[in-house]
Amino acid sequence: MGLGSLDAWRREFFSAFDSPGVEAPLELAQHLVHGAVAFARGLGFEPYEEFAAAAVYLGEPAGPVPIEFGRDGVPFYVAGPYDDARFVVRTLDAAVGEGNYHYVLPMG
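If you want my numbering, it's the position in the sequence shown, counting the first as 1, plus 397.
These aren't lab readings, by the way, just hints derived from the structure by calculation. Built from N, CA and C at the ideal position, the CB exists for glycine as well. Any given hint could be a false lead.
So the derived label-pair ranges between C-beta atoms look like this [as the list claims (entries may be wrong)]:
(1) Leu425 x Gly399: 18 to 26 Å
(2) Val434 x Phe484: 15 to 23 Å
(3) Phe448 x Glu424: 17 to 25 Å
(4) Phe411 x Gly494: 35 to 43 Å
(5) Glu495 x Pro417: 39 to 47 Å
(6) Glu495 x Trp406: 21 to 29 Å
(7) Gly477 x Leu455: 18 to 26 Å
(8) Val434 x Ala482: 16 to 24 Å
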C-alpha cells in the first residue's frame, strides 16, 4: 500500500470515530503487535500468512513486551462478524480449559 493509499485508508477508518486517531510511538506498536501475536500463538492461533511479510516493516521490539494481554488474567475473545466462533472456542478450550477464558459471541 502506498503512502497516499494509507492516508486515505486511515481517514476512512477513523471517520467512524468522534476524534482522529492518536499517533503512537513505533516501540508501542511493535510491543502491541508482536505481543498480541505471541499471546495468540500461545493459545493455538496463528496470524495470517501475510503477517510475516508485513512484520518486516514494523521491526522487532527491543526488549520484553510490557503489555498484559487478555482480561482479568485470562484470554478474552470478542467474536467478529466473519469469525468461526466455534473454532475459536474449541481452540481456547484445548489451550486453557473450558471456563478459563471470557468471550462475547453475537446473538442468533
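May I ask you to test the hint 18 to 26 Å on the CB atoms belonging to Gly477 and Leu455?
-> holds (22 Å)
That 16 to 24 Å hint for Val434 and Ala482 (C-beta), does it hold up?
-> holds (20 Å)
18 to 26 Å as the expected CB spacing between Gly399 and Leu425, which holds or is violated = Hint holds: Cβ distance 24 Å, inside 18 to 26 Å.
CB of Val434 to CB of Phe484, is that within 15 to 23 Å?
-> The hint (15 to 23 Å, Cβ to Cβ) holds, given that Val434 and Phe484 are roughly 18 Å apart.
Could you say whether the range 21 to 29 Å given as a hint is met by the Cβ separation of Glu495 and Trp406?
-> Distance hint for Glu495, Trp406 is violated at roughly 39 Å.
Quick one: are Glu495 and Pro417 within 39 to 47 Å, going by C-beta?
-> Distance hint for Glu495, Pro417 holds at roughly 42 Å.
Does the hinted range 35 to 43 Å hold for Phe411 and Gly494 at CB?
-> The hint (35 to 43 Å, Cβ to Cβ) holds, given that Phe411 and Gly494 are roughly 38 Å apart.
Between Phe448 and Glu424, does the beta-carbon spacing fit 17 to 25 Å?
-> holds (19 Å)
Checked against the numbered hints above, the structure breaks only hint 6 and satisfies the rest.
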